[in-house]
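Participant: These protein sequences, in sequence, are chains A, B, C and D.
Just so we're aligned, residue 1 is where the first sequence starts under the numbering used here, counting upward by one.
Just so we're aligned, residue 1 is where the second sequence starts under the numbering used here, counting upward by one.
Just so we're aligned, residue 1 is where the third sequence starts under the numbering used here, counting upward by one.
Just so we're aligned, residue 1 is where the fourth sequence starts under the numbering used here, counting upward by one.
To be clear, the hints were calculated from the coordinates, so they are not data collected in a lab.
Predicted model, so just to flag it, every value in this text is computed and none were measured.
Note that the Cβ used here is the ideal one computed from N, Cα and C, for glycine as well.
Some clues are possibly wrong.
So the derived list for chain A, only partly shown, Cβ under 8 Å to chain B, looks like this [to be verified]:
1) GLY370
2) GLY394
3) MET406
4) GLN474
So the derived list for chain D, only partly shown, Cβ under 10 Å to chain B, looks like this [as the list claims (entries may be wrong)]:
5) PHE21
6) ARG27
7) ALA51
8) MET63
9) ILE67
10) VAL70
11) LEU83
12) ARG87
13) ARG90
14) ASP95
15) ASP98
16) MET100
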Amino acid sequence: MILVWLIVIPLAAGVLAWVVGRGDSVWPRWTALAAMVLEFVLAVWLWVDSASGALATTKLPWLLHARYEWIPELGIGFSLAMDGLSLVLVVLSAFLGIVSVVCSWSEIEEQVGFFHFNLLATVAGIIGVFLATDLILFYFFWEIMLVPMYLLIRIWGHENRAYAAIKFFLFTQAGALAMLVAILALYFLHGQQTGTYTFDYFQLIGTTLNPAASMLIMLGFFAAFAVKLPAVPFHTWLPDAHTEAPTAGSVILAGLLLKTGGYGLIRFILPLFPGSAAAFANAGMALGVVGIIYGAILAFAQTDLKRLVAYTSISHLGFVLLGVFSFNGMALQGAVIQMVCHGISTGALFVLVGLLQERIHTRDLDQMGGLWSTVPRMGGMALVFALASLGLPGFGNFIGEFLVLMGTFHTNHWMAAVAAGGLVLACVYALWMMLRGFFGAATQERNISDLSAREMLVMAVMAAAIFWLGVFPQPTIDVTVPALDGVRKVARLAGEESRTPDVAKFQQLKTGLGRTTKPMQGPGENR
Amino acid sequence: MIDLLWLIPALPFAGFLVLILAGSRLPRIVVAVLGAGSVGFSAVVACLIGIEFISSPLVKTSFTRTVWTWMSFEGFSPSTSFCLDSLSLLMVLVVTVVGFLIHLYSVEFMADDDAYHRYFAYMNLFVTAMLVLVLADNLMLLYLGWEGVGLCSYLLIGFWYKDPVNARAAMKAFVMTRIGDTGMIVGLFLLYNSLGTLEIHELMVRAVRDWPVGSVMATVAAALLLCGALGKSAQLPLQTWLPDAMAGPTPVSALIHAATMVTAGVYLIARTHELFALAPAVQAAVAVIGVATLLVAGFSALAQQDLKRVLAYSTISQIGYMFLALGVGAWSAAMFHFAIHAFFKSLLFLGAGAIIMSTHHEQNMFRLGGLRTQLPVTFWTFLAGAASLAALPLITSGFYSKDAILWYAWSSEKGSVWLWLGGVAGALLTSIYTFRMVFLIFFGEARTKVYKRPGTAMLVPLIVLAVLSMVAGFIELPHTLGDVRLFSGYLGAVLPPVPIPPGQASLEGILGIVAAAVSVVGICLAYLLFLKVPQIADRAASTLAGRALHRLWLEGCGFDWLYQRLLVFPFVTIARINRSDFIDFFYQLAAFLAEGLHQGLSATQTGRTRHYAVGIGVGALIIIGMAVWL
Amino acid sequence: MDVVFYLSGAVAIVSTLMVITRSNAVHALLYLIVSLFAVALIFFALGAPFAAALEVIIYAGAIMVLFIFVIMMLNLGIQTQTQEREWLNPKAWIGPAILSAALVCELIYALTLHKGAVFAAVEVTPKAVGIALFGPYLLGVELASLLLLAGLVGTYHLGRRDERSAAREGDAP
Amino acid sequence: MASVPMEHGLLLAGILFGLGFLGVLVRRNIVFMLMCVEIMLNAAALAFVAAGSRWAQPDGQVMFIFILTVAAAEVAVGLALVLQFYRGFRTVDMDAADRMRG
């Protein structure tokens, strides 16, 4: 039941904010903030509970499971479940939800109620995506988060918002439709084989597909996730959408919406189609590496600060793609940590850009320069998150990138070596951003205020979070290990299956996904 | 006491936290006390621990203390553990003691700066990171410190950020070292993937057990680690960032870009010397790179006009000597030179800082001169440092450390005459450019006014370091001069002695004399060329070849020029051209086609009923035609 | 009776041609009535007297009267006729003529594919038609009545002058 | 009763239809266009009757009656539209009503 609450709280609060927001702009903010804090407390409480083992169910690694009938005639259920992976991402969602409400406190002044409705509806949709274990429900939430996001960009965005919003919508929708077709194909193939037509994730995991069909269906899913992630060459919606979105929109977009792509890869592609995913692994990894390098080069070339940050997202999420398709436990773990850390670090950078734009009314790097002397606290915070984003050890991003690369190196030396080149490029763009924006002589006399206490609090909390993830990543690792374990088991076996077709054992393992909690052997012993 | 090992890096870190969070609200004196005091305390703790460690049986092995486990899963569990052995103790002592002296110096040097607290915060963070680097017991933690010192170097080079040149120099330094670091991190992946651990001691044991000498894996792994070392230690081909790094405050150059951080590469190779011993090809490369670097940097130093740039090239060159020593397997000689170099080079930088401060930021040597009488303490201490750098025989530490390296370059199994010749040529260059500097600054006629004289806080570190540069060398003397082996004996537990083929021992005396002679000759040449009859030098420099050579050396042998054209320019150009992302072009094309189709189709919507009727008619024509003929 | 068929067929074609070429609406309407009469005759010749009667009464009678009313209400003057002549220049004819000709040729070709057998038309009495109408086609009849009702309401609604257009008309000279 | 091939009846219907169609295409006067539509409807009705008489079945005439109904309704509504059109545009030129142009 608590899972339902996790979705209902933001949604209900959003409606409430809309209602109280008619002609009033203070109450919606407080309503939204209260809801997000409640959500966050709830999620953290679940985390603490899971760490103490209070949530241990018979169906490990699933911590919670809720299933209600929805459309039984078609085998569609309102089925939610939470494991460590979802838990971490839900906590992140609530955290960034709070951040985005706070950071739009003074930025948004029109239609405040409706704005918060859209914001909270997006968050609700995202949390739904992280929890849904029925494919139609998953698709449902996938679409739910799309429309309010579209409105956020369309109504409260910057100069070129109409273009960006429609581009975002078209790209995402195209991917989502491919996924819908794939879901239906999977549904019918499963139904033909077993006689039970269902969209239930746990039942569909056991489907045996012939390689060609499996590959096609997997590509359908992959299309949706690759667009969302975004993988090069499906990334071009992202810079536009990020640049034009309001700050809160960018935070949600970068921090959470992109994570649904990575989450989908781990939750659906690997367990449902391990064989095809293994066959696709090299292509997937190559896409990841290309994304890392290409995103970084483009980030360097930008003159619009927000666009620069947007391209860094492409580079960072290349690591996620690489980690997922390298079929290695360490890399998979790294991908999850990278997702969380990217959410925080890039979210923080977007908040900073937003605050800067509020003050100097431009995002153009050519018109900045020398800002450090004017706004030293802002410069310091920008430096912290620039360093986090270039993967400096001590920050969470380093752990993510390090694990991804280390795991990938085990699978494919060259991919890892080339991807490591992305670290140099990350350094180039991050420092370039600092150089152009904050160092040097002030280009013009500006009379602007430094970060206020409210803004400083947000930034400090985010900095603390990213630092905590870099120095004590163990709690995050512990909670996600059991969840990823099952995925790894299936994934590794699929890699071997291509040589020795031990289908029976494979099937047995697949259906028992996640019931194993035995730690995997390290790549060192696996030589 | 030794259980408080974690306190050594923790103290400066605490200083950093307090200063960065609350520094702007603290009075300057508190900032100074906190900044210098935290490092001073750390130095005291380090000395106490050092005494206890050396007097205990642990000195033959090592002492490890885990603070917390960084992360742990799938058997990969790098922890935040500090490991103390004789090598890391040496580094810790040098870092904290020299670090403290430089902090003390900075209290006065930076007194007028607006961002006083920021300076000390960065400096404390640097000391922390450097200590983590040297104390780390696994390569991942070492990498943390490694990047941490790089970060502080970046922050401090760009400390006076208002000048974009400084900020660019900072970025250049970070990016260039990062290139090396990326090679190193791939090396870490390779090591973990093949040997299953990153814990340094265990790693070396497994490497020796699993890999035969000269095996491909060992070679590749060593080469990758070498990449990191080259970047950090500013060796060929990644040396060009260091001269530009002089944009930072002078004490920063002394601490980071002379004494400690740039020698991290030397430390890394010494730390993993077993691995390098397994890869003779890479080790040979280390020696060759060392020689090449020391020559290139030596020539470049000859032509510089900026005082600090001479010192920067000299640092590169001296680290080249350390690499040469590492390359021939003389591990402890390298570390010996590192320690002595830390003393005399930081002394020289601090002296330079004193000169620069006294003359209102005049760094051009040709506009200085005759300062001997005006700044006597600075002169004598600077002279001590210069003598040590030029390896003035018998009385300076620099002579003993450099002599040891030259001797091993000849006599070691891995050494050769060519390496020795290169080293000797470098020694000649060193003493020429060093005393060129001395003569130009302190002798001749006075060309600038002295505005203020350094105070106690600046002079004390100068004197202490001058004493150290003179006497520290006597703990390790060659056979011919007393045969003291305190230093190499102390490091013997970690770093094995150099295997010397029989029959070479008799040469040691002769080679020592040659080295000494070269040094003296260099000083005399400098006297002749730059003080007595500068016309010779001028005339040589004004010939066509002379001008070209001068230009080449002034530009650091053209590496910057080359990189600018070969790497930076193409990268920036490609990035700029592709700013609007050519992939988006394809989507734009699709959108454009859809738009065109839309335009075309909507043009058929004329709004005229008769035209629609034509459409119906044509449609009927076609459909009936299909029904009839198909 | 064959002669009647072909003769009235020819009359129908000619008078229809006149309809589409006249510039005066009343003339055209009269030719249309002629054409409808001719078609009524053809119906009669084909043995469908009931249809022929309806053609004359409803088409040529009722519907054409509606046209006349409208033409009278519009009260188009002489300039309309000159304008009609301008519009009917040969250039305007070419395209439509080719298209229509192609369509007709195609129809003719399709119809001549099978050599139709000659048959004697048998009269289908109004009684038979009535039985069919209120037998199997009852639903159609009901629908037709609905359609007429809808037409009635629609016409009433459309034909009403609302205030705005009345005002505009009042302003016009 | 006449004894002609059904095809001749249909042929006549086709020609009339084509003429009506030609009229719709050529005329710009909305009243003429309506007349031509009537011609086309009538031609269709003729085709039904011709076919019905070929097999001596009443269905052709039934369809004729339906077409008649449709034509009556269409003319009533259409002429009302003509009046409105004329009020709105002060012309009977159908091409004036091109506000739906794309």
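Participant: So which of the earlier hints does this model not fit?
Facilitator: 7, 8, 9, 10, 11, 12, 13
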